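Engineer: Residue-level listing of the chains:
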Amino acid sequence: MSSILTQTSETPSESQHTPWVEKYRPKNLDDVASQDHAVAVLKKTLQSANLPHMLFYGPPGTGKTSTVLALAKELYGPNLIKSRVLELNASDERGILIVRQKVKTFARLTVSNPSADDLARYPCPPYKIIILDEADSMTSDAQSALRRTMETYSGVTRFCLICNYITRIIDPLASRCSKFRFRPLDDANALARLAHVADTERVNREAGVLEQVLRIANGDLRKAITFLQSATRLHLDGDEVAEITNKSILEIAGVVPDEVIGRLIAASAAKDMEKLFTTVNDVMLEGWSSVQILSQVHDLLILDDSLQPDQKSRISRVLFETDKRLSAGADEHVQVLNLLSQLSLIL
Amino acid sequence: MSLWVDKYRPKSLEATDYHPEIADRLKALASSSDFPHLLVYGPPGAGKKTRILATLQQLYGPAVEKMKIDVRQFQTASNRKLEFNVVSSSYHLEITPSDMGNNDRVVIQDLLKEVAQTEQVDFSGKHRFKVVIINEADSLTRDAQAALRRTMEKYSGNIRLVLLSNTTSNIIPPIKSRCLLVRVAAPSEAEVATILDKVCKKESVSVVETERSQVLQLMAAHSGRNLRKALLLLEAMVMQNDHLSLKTPVIQLDWEGVIRDLTASVLKERSVAKLQLARTVFYELLSHCIPAKVILKTVCWELLRGVQRDSLKVEIIELASVFDERLSLGQKAIFHLEGFLAKVMVAMEQ
Amino acid sequence: MSIEEGKTPEISGGKDILLELVPEMSPAEVNTNSLPDFLFRANGGVSTLLSLEGDAAYDSAVAPPLFTLKAADSLLLGSPARDAVLSSDAPAFSFKASDSFLLSKPVSEPTDTTAPPFTFKVSESSLLGKPEPSSSSRPSLSNIPPAYSATSSRPKVDAKLLNGREVSFKRRCRKQIDEGITGMVDERHYGVNINELYSRLELMNLVNEDRPVRAKKPTGSVLWAEKWRPNTFFDLVGNEKTNRYILQWLKQWSRAVFGQPLERSGKLADNEVNPDPFQRPRKKILLIHGPPGIGKTTVAHVLSKQMGYDIMEINASDERSGVRIKDKVHNSLTSMTFSGKPNVLVADEVDGAAENGFIRVLTDLIYHDSRAVANYQREKSRGDRKKQPFLMRPIITICNDLYAPALEKLKPHCEILSFKKPGERLIRERLTEVLRLERKLGLFTKKEVADVVNVNGGDIRSCLNYLQFNSGDKGPSVSQTSTKDTQVNWYAIVNRLFSRNNRPAVEQFGELTRLIENYSGNNYDKIINGCFSLYQLVYYHDEGLRKPAEISDWLYFNDLLGSNAVVSDGFDSLSYSTVVVLKFWDLFSDLNNYNSNFRIPNLDYEHFQAFQHNYTLIGDCLNSSLHHALAFPVSLRVLLQRQSMSLEVLPLVNKIILPEFQKQASSANRSILMANKGNKAKVERAAEILHELNIEIHNKRNIETSTFALEFEPCYDSVVAFTDILEKQLAQKKTVVLPVLAEELLKFTKKRRSPAGAVETDATTKGETKRPKHTNSMDFFKNRYDELNNTLNRDMSEDRKRASAQHRIWVKYHEGFSNAVRKNITWNDLWEN
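Residue numbers (UniProt numbering), protein chains in the order written: chain A, 1 to 347; chain B, 1 to 350; chain C, 1 to 833.
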């Protein structure tokens, strides 16, 4: 992917094709919603121009990458940003070889002197930034190779690691960075942002669609915006946007209709094996993803108040077993059938 | 002329017989200026490929029908030269990277890079991009999927990907989030019967009139809502019999018959001799390229059909699930197939 | 001579002497308990305690014990009953030949009055077999007078011919036989006193016991696997029918190579008329494949030699890439050799990975040859003949793995023959024969030989190696745990695992653990697979099927260990496999199995072979590769997946192409069959589909039954048919249906090719091998245009000619996408796709 940093102005036809996620990324730190703590600290550093190595962590879609990019933009301005910032994410090669070559080489370079013009407008601190996005998918060997580089060139380079699970970053690296935790977005903020996007793109929609989109996305704003975009695409009828309904959102997201899940649970509770067999057969032939079924069954049952706690614990165990086997690559039909037949013993 | 499966394949989206909403959606996408990456999934024989090809035809016109096969060479990391096949037309490409086993990552990187770097020369083409169809996307290794994700981002100007798979569970979330998911469900038995009826009329198949709908319904049921199987079954029955009626025996597939016989004998009586018999049967099935998981599933279904007690059914299903996982994680299928049958026999004895 | 105390008699003369111990007392006085021990020590040698173990039946008449003393040794004699003997005080006595003396204890030593005095007699001569010092160590046959005297004194025979002339014949002079090389008496030498020879033989054997048997070549010992390679057709072990087939194939080359006429005038092995101008077999390269060590290379050599060829071997040890190999191959195939015999090219081990260059050389040969044949048939000599030579010598290629990727390009041009492992009885016979000739027969029991054959699974070479290196001094032990040979070990271990004896279980468990841990093989897979194959066949005590169920969990555990080792390099966990092995013992061992020797069936390997074959068949069907002629058409392939092929597509397609006829009984007559409209429609449809799917019908020879039968090519039966009964039914049906289908197919293809209908210039070229560039496309097309025009005019019937106007032939060359831009295609491709 061409780096977001290097995107210049686009032609109108291209702007249609850019993902809305990119288009509506916050362009400066003020735009970043609901991460007050992190933003406050970073704003202070803008003034002092003394940045530590940073480690951003938190659930996906909460604005980590956006924050860093916004920060970089505010620090360097559009002219310098290409030479001062290196961005590597999970799509790029980040094996140990690349760390040794590319990253190290970039880290070593001396900082070029900014022009007076740039100096006037932006802080332009005398160091470079290397952004390692999705750092938890780097192997521990590659991460180890990074440690020393971080220390040696810390005069001229600052590292910013972004990850979802901080436990996947090795301790030596984590200890060299100052950690910023990004919390999941609160609903009000997220909804407001989503509404803003929808209105700017003139998306014709039913009531309650945005709430549902957010619900499906589980607090991940990126996912929500992408859903919205896909829905819009699907409803394009020669440049005209038909109304997006709740149903079509569900279809795009691959969510199994509640009615189907209800049928499955009912057949299971009835303890009628014949009926269960045929129901499961029919459902599987519809092509629904078993992981999705599993997750929805979980939501339905665990949050069901009419079940006893010990029932719920046994249900959890069954769900766990099924999930484990599915992730090992077992056959979906058999596993779903097993799930429901075990549930029939509990319910 | 070719098999009926091929002959009566709908060549355009309007000609599809079922799932009209999918056809509408795809048509809308094709006519829009922004065609997204697609992930089309559903059970086998549901019509995914047919609809993709029809969509391509909508995008580019009838030139996509002229396909040819190329053999491309590439080099793996260990400097081994491998060859694989690419089906292509002027506007699209189709590959099956999982044929390469663990080298599929290299296939994806090299091939897609090559395709993407050549711009479309044909100015009459309506779209700037080429379509790359990737078959059996759920068999891709993790590395290959990571490489795919990277390529999707880099080259999305020149390439649009269409991924075909049976389920979405094995596709990593970043790819799923970059694609539009299209679910193609299996046609219902009534829909299958309708299509069989249409073909019969066109080919003037002789069916006893009064029993027509029942015969076709029966065949549709036997096919398990798999349209490909249903059409092949129809053609085979026509070749084997002169008239079709309720009396004509529906053709059983040999491998299914073998499994059925084995389970019938196990249901009757259990002994070490049966286990020995089972071993030879399993070896034979495996050597005929029947996948081990399919064998397990079919044995399980047959057993469930024959067993009366509900609690026993639950036990059998649980055993099937356990051994299914073992088949995925382990390497020697015969150990686990035999173990499954042994445990089932123990359970039945109690 | 009596020895005086304190004096040391000397032995002189440098001769070995014999020491004979004779007791002076009468036998009755000698009783076992009182026989003392005597200490003998030679100069600087080790003291040997020689105890005279007399039994009650000690009889002086019986030859007294003999001891050999070397010359110049001095003997220390003393009673070792006390340690004082070893002190230097003990006197030393020396002996001289033919002295006898009385030995008694030295007086200074405290005497054991019970010890009787012994007389020592020294005699020299009567050693059995002791050679004359002056004579050579072995008798030579030079002492044996030749059967016939020297030339001058040879008797003559006079004879008179019919025309009156007188002639005289001299008796032939037998050559002197030098037996020095083999060390054996040459038994084919008649006229020798056999008894004398035998006695000399025994002499020699006794003397030469310590000397190693000298092999044929004096430079060290030769491997039996090399020494006992079969030299003649009759020595070959196993695969007789295949060997005969190879002979037949080679014989077909005789006309081309030697100019000999064939027996059946120009017919190919499958009874078809041979289009080849030299009557060579249709497939000009022979490809032999099979497991290692069963005799593939040997067969190639032996049969070629018998047919009168010289062998040019190129194997994996030769430099097989680049230009040099091309020259080498061409030279061997086109030039004469010194011996005057033509060459056969034997290419061994062609399934190596890097052999693409070499394989390309071979395929180029075939290609040039086929073009030359085509030119020859059109009676056009294209310029320089030398550049397109005919392939005039047979080529035999040998490989182990038929499905190696390097062989893909070679296989379509080859006659593929499968070599199976020879039967056990045959191998055993051969091994016994070899052992007999090597004089090691006594070292191995029949059971051991059978075990060796079993373990090595048909690999004769490794059997011979095993026997050779275990026929040393100590002798072999197939089940011995101390041997390092892992092949035998796993077999023995598996057998041990199923037996149990009466000793306490803990002890047996410990013993087995040690046994298994000493197993030096790589991993325990072989043992576990062997146990798995065997456990159903042995006797064990069980209620229901509890034990098989239990062992399946352990097998899964083992499986996980293996996967772990591969995936995350955790090879340490493999050592836990010993537990799995021991679990087999725990569950399945039984007293009844003690000491029985089980034959471990190896179903796994056979099924793996079958699987490979079917997998490749399906792969060829779906993929282009170079078997494009055998694959499904592109439009169909696009719709199919590999999994669905074996599950539903191939079984049903097989049923479609083999339609069921009404009234099959009276099927012999084609016209009757076709008269029925329903049948006719079915046959036509089936032929259509066969053509579409690129399935042909050929007359194939079945090696097993040596008959010819019509068969589909490619034949999907192996993927589709289960159990023998179904296969037989299919075969029966085929004999009825296929002839009809074949004719219909022929008609159909002819119809397809004729230009009466729409000319299908479908330029869908499928992946091709490289074709040489034509000089000028325009010329090429011009030439072909004329030819085609003539063919057209010839083929068209009169009315058609009238009906159609002048035909013009339009050719539209579709440029494909990407790399098809500069692709040369020949005219034939367009027509014969």
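Hints may be right or wrong, so weigh each one.
Per label pair, the in silico range of CB-to-CB distance [said to hold, decoys possible]:
1) B:246 - C:698: 49 to 55 Å
2) B:331 - C:511: 28 to 34 Å
3) B:66 - C:277: 35 to 41 Å
4) B:331 - A:175: 56 to 62 Å
5) C:713 - B:31: 42 to 48 Å
6) C:514 - B:273: 31 to 37 Å
7) C:660 - B:273: 53 to 59 Å
Derived contacts from chain A toward chain B, CB cut-off under 8 Å, selection only [said to hold, decoys possible]:
8) 172
9) 230
10) 332
11) 338
Keep in mind that the hints were calculated from the coordinates and are not lab data. Since the model is a prediction, treat every value here as computed from it, not as a measurement. Note that CB positions come from ideal geometry on N, CA and C, so glycine has one too.
Engineer: For each hint, tell me whether it holds in the structure or not.
Structural biologist: Hint check results:
no.	hint	result
1	B:246 - C:698: 49 to 55 Å	40 Å, violated
2	B:331 - C:511: 28 to 34 Å	31 Å, holds
3	B:66 - C:277: 35 to 41 Å	40 Å, holds
4	B:331 - A:175: 56 to 62 Å	41 Å, violated
5	C:713 - B:31: 42 to 48 Å	47 Å, holds
6	C:514 - B:273: 31 to 37 Å	36 Å, holds
7	C:660 - B:273: 53 to 59 Å	36 Å, violated
8	172	25 Å, violated
9	230	5 Å, holds
10	332	6 Å, holds
11	338	4 Å, holds
Hints 1, 4, 7 and 8 from the list above are not met by this structure, while the remaining hints are.
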